[in-house]
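Peer 1: So the chains spell out like this:
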Amino acid sequence: MEIALLGNPNTGKTSLFNNLTGSYEYVGNWSGVTVEKKIGQFKNKKDKLIDLPGIYTFNPLSKDEGVVTNFFLTDKFEKVINIIDASQLERNLHLTVQLIEFGKPAVIGLNMVDVAKHRGIQINPSVLSKELGISVTPIVARTGKGCDALVKAASELNIVNYQTNIISYGNEIEKAILNLESLIGEQSEHSTRWLALQLFEGNQYVKDYLSQFLDLKLLNELINTLQDDVIQAYGTKSLDQFIYQKRKAFIQSIIEMATERKEKSIVPLSEKIDQIVTNKVLGLPIFLFMMYFMFMLTFDWLGTPLSDALDAFISGPVSSGIDSLLTTLGVSSFIHALVIDGIVAGVGGVLVFVPQIIILFFFISLLEDSGYMARVALVMDRIMESVGLNGKAFIPMIIGFGCNVPGIMAARTIETPRERLLTILLTPLMSCSARLPVYALFAGAFFAKNQALIVLFLYVLGVVIALILAKIFSKSLLKGETSLFVIELPPYRLPQFQALWRGTWDKGKGFLRKAGTFIFAGSAFIWLLTYAGPSGFNVEMDQSFLAKIGGLIAPIFEPLGFGTWQAGASLITGFLAKEVIISTMNIIYFVPDAASLQGLLIDHYTPLSALSFMAFILLYIPCLATVATIYKETGSKKWSVFSIVYALIIAYFISFIIYQGGKLIGLS
Amino acid sequence: MLSQLKIGDKAKITDITSTEKLVRRRLLDLGISEGSEICIKCVMPFGGPVMIESCGQCVGIRRREANCIEVEKF
Chain B
1 MEIALLGNPN TGKTSLFNNL TGSYEYVGNW SGVTVEKKIG QFKNKKDKLI DLPGIYTFNP
61 LSKDEGVVTN FFLTDKFEKV INIIDASQLE RNLHLTVQLI EFGKPAVIGL NMVDVAKHRG
121 IQINPSVLSK ELGISVTPIV ARTGKGCDAL VKAASELNIV NYQTNIISYG NEIEKAILNL
181 ESLIGEQSEH STRWLALQLF EGNQYVKDYL SQFLDLKLLN ELINTLQDDV IQAYGTKSLD
241 QFIYQKRKAF IQSIIEMATE RKEKSIVPLS EKIDQIVTNK VLGLPIFLFM MYFMFMLTFD
301 WLGTPLSDAL DAFISGPVSS GIDSLLTTLG VSSFIHALVI DGIVAGVGGV LVFVPQIIIL
361 FFFISLLEDS GYMARVALVM DRIMESVGLN GKAFIPMIIG FGCNVPGIMA ARTIETPRER
421 LLTILLTPLM SCSARLPVYA LFAGAFFAKN QALIVLFLYV LGVVIALILA KIFSKSLLKG
481 ETSLFVIELP PYRLPQFQAL WRGTWDKGKG FLRKAGTFIF AGSAFIWLLT YAGPSGFNVE
541 MDQSFLAKIG GLIAPIFEPL GFGTWQAGAS LITGFLAKEV IISTMNIIYF VPDAASLQGL
601 LIDHYTPLSA LSFMAFILLY IPCLATVATI YKETGSKKWS VFSIVYALII AYFISFIIYQ
661 GGKLIGLS
Chain S
1 MLSQLKIGDK AKITDITSTE KLVRRRLLDL GISEGSEICI KCVMPFGGPV MIESCGQCVG
61 IRRREANCIE VEKF
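Residue numbers (the UniProt record's numbering), protein chains in the order written: chain B, 1 to 668; chain S, 1 to 74.
Source of the hints: derived by calculation from the structure; they are not laboratory data. A few of these clues could be false.
List of simulated lysine-lysine pairs, BS3-like, C-alpha gap at most 27 angstroms [claimed, not checked]:
| id | chain 1 | residue 1 | chain 2 | residue 2 |
| --- | --- | --- | --- | --- |
| 1 | B | 280 | S | 12 |
| 2 | S | 73 | B | 280 |
| 3 | B | 237 | S | 21 |
| 4 | S | 21 | B | 63 |
| 5 | S | 41 | B | 248 |
| 6 | S | 12 | B | 272 |
| 7 | B | 272 | S | 73 |
| 8 | B | 237 | S | 41 |
| 9 | B | 262 | B | 280 |
| 10 | B | 262 | S | 12 |
| 11 | B | 471 | S | 21 |
| 12 | B | 246 | S | 12 |
| 13 | B | 280 | S | 10 |
| 14 | S | 21 | B | 207 |
| 15 | S | 21 | B | 217 |
| 16 | B | 272 | B | 262 |
| 17 | S | 41 | B | 280 |
Make the full structure from the sequences, and use the hints.
Peer 2: Spelled out as structure tokens, the structure:
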């Protein structure tokens, strides 16, 4: 049996999902963590649970909300678990009412009862249940309290006879519903009452669905006549508002019966924190300071010592262990070289940066889980507005610091298509964790004393260029359409260690998986390219295929300060995944560990050309997975190609300025 | 006008019809419409967004939209 999980944004759906299925989906404290439906298996191994993005109503504004409406119209499922935020009962019940009208058997999980109690709201679940006609179970989704009872209530649900008419919308609408019912007849399996009401409210998805079997002109006529009738009879402004008011009156009467309010005048802690972090003067500096702190910890105070230790371990015991194992096994010298010089060098070179990446992911999880992320959007909105975006676009960008792929996915929560596209195109400029090994390597070799500052400069460079390009694109390519910014600011939550760890691990394991697959295979392949050449096998590195290919494009990079075949070759392979750049360099320069690679690099680069190279890596091209995601999200080949081309141009331009400008002012 | 209120001021929304349609819909989704009681929590500098609180939940909207919302101060 398939059970759908439905609720408002940020009510704890994903927490409940994880608790019920025992899986580890990604949980955050901001609206729109889930942008696509996810399917999990219940602990009983029989039923499936489907986690949907949060919605306020079935009439969608943004793309992630449309996923839910589409799901209800086209997918197969038997039951629904509706999770409700007890502290925001009224707006949550608007969705519940529509769910009841849909007619599928449903149960309610009443979450955040503790938050409600803090605000002086006491809810009586049995009264609520009686008035709505469906079972209500109080739960604490984060800890799992009450979840068993909820599952029990769901599994005991009867599939038949469901009442969809809990609200009477007045003569005019009721007649129109009957009228539509006779028109649809047996052509739709869905509740006609729900279809009709959604249609009258202006739900485009439902209209498209109905136009499959009814004439669009007829539908429009029906809506317009009804609207006129309702306006004439009740003097309201529009049909959708009338329906909303009817629901609201019904919901308020239920709340009146089911809740008890006590006046509480204490200021919640959340608001006290907000007085500081979203303070007029302090807001932005606090955000910048937090970012600075994050980078120092990742690159200087904690991350680098850990990485160095891991590097010593991999290049020492691990490498020599494998070496002697291969010797004992008596493998051929070809295999021996492939494993040691190819795979161990390539994969090991990337793995040593795991500590730094884990720390970075931990901070991003912390930002998400605490509720600060939404505040960042608020603080940044003024700056983003001035470049034609809105504050919400900053969330995909911060997530993009971890990995660009989920960052681009997170752009779905942006309501207006223009701003969404713009965000998708610019998120790849955010320096993802895969680029981090390149910086760590180069900054360590050339700017050992100011390592964290140099890396911070690159991150800021990515953001600044994204903002400048946003301004240019929104003035030229993507004109028009006003921007929209309304953001819900959830109460702060004390991050739980378990949730943080899961969030970090969830992101980090993608990196490890890549190291085990992509980079593993890539390293072997790149090594083969260095092993073979036009004149045969086991050639001098300079005579290998890789040198030939790299040499072909190397002259283009001459003006940028790194016109060597080694740089050219690693840039080409970097399109697969940015970490591969490091793997390639480790193989090309034929060194056992990062420390000796850094020593070698000093002969091939100057500090200035190293900086130019790092800036180029930051900007030059989104990796393969990112381009695929851009294509999937925009559905347009044109924009996917554009994302590659503009990035190449801008990278060349910026590196040129850095290198040539630096030379002009006497740096070299 | 909502944007004229100061931090800590409480008011009741009297007219929201002149805001952008999508903004109005989203505010309605969040349960904020005519008759809602609101309180100003923060105001961002340089004409940035304002944070309002209604029924215990906080929402950020732009100053431009706040200019279009008529309120009655308590």
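Peer 1: Would the pair residue 41 of chain S and residue 248 of chain B pass a check requiring their Cα atoms to be no farther apart than 27 angstroms?
Peer 2: Roughly 26 angstroms separates the two Cα atoms, so the pair holds.
Peer 1: Regarding the pair residue 237 of chain B and residue 21 of chain S, is the alpha-carbon distance no greater than 27 angstroms?
Peer 2: Status holds; Cα separation ~13 angstroms.
Peer 1: Please work out if residue 262 of chain B and residue 280 of chain B have their alpha carbons no farther apart than 27 angstroms.
Peer 2: It is violated: about 32 angstroms lies between the C-alpha atoms, which goes past 27 angstroms.
Peer 1: With the threshold set at 27 angstroms, check whether the alpha-carbon distance from residue 21 of chain S to residue 217 of chain B stays at or below it.
Peer 2: 24 angstroms, holds
Peer 1: Sort out whether residue 12 of chain S lies within 27 angstroms of residue 262 of chain B, counting only the CA atoms.
Peer 2: Holds - the C-alpha atoms of residue 12 of chain S and residue 262 of chain B are around 21 angstroms apart, at most 27 angstroms.
Peer 1: For residue 12 of chain S and residue 272 of chain B, compute the direct alpha-carbon distance and say whether it is at most 27 angstroms.
Peer 2: Holds, at roughly 23 angstroms.
Peer 1: Are the Cα atoms of residue 246 of chain B and residue 12 of chain S separated by 27 angstroms or less?
Peer 2: 21 angstroms, holds
Peer 1: Does the structure keep residue 272 of chain B and residue 262 of chain B at a Cα separation of 27 angstroms or less?
Peer 2: 21 angstroms, holds
Peer 1: Taken at face value, is the distance from the CA of residue 280 of chain B to the CA of residue 41 of chain S at most 27 angstroms?
Peer 2: Judged against 27 angstroms, a Cα distance of about 11 angstroms means the pair holds.
Peer 1: Quickly compare the C-alpha distance for residue 73 of chain S and residue 280 of chain B to 27 angstroms and report which way the hint goes.
Peer 2: 22 angstroms, holds
Peer 1: Below or equal to 27 angstroms on CA atoms is what counts here, so check residue 237 of chain B against residue 41 of chain S.
Peer 2: It is violated: about 31 angstroms lies between the C-alpha atoms, which goes past 27 angstroms.
Peer 1: CA of residue 280 of chain B to CA of residue 10 of chain S, is that 27 angstroms or under?
Peer 2: 19 angstroms, holds
Hint compliance for this structure: hints 8, 9 are not met, and every other hint is.
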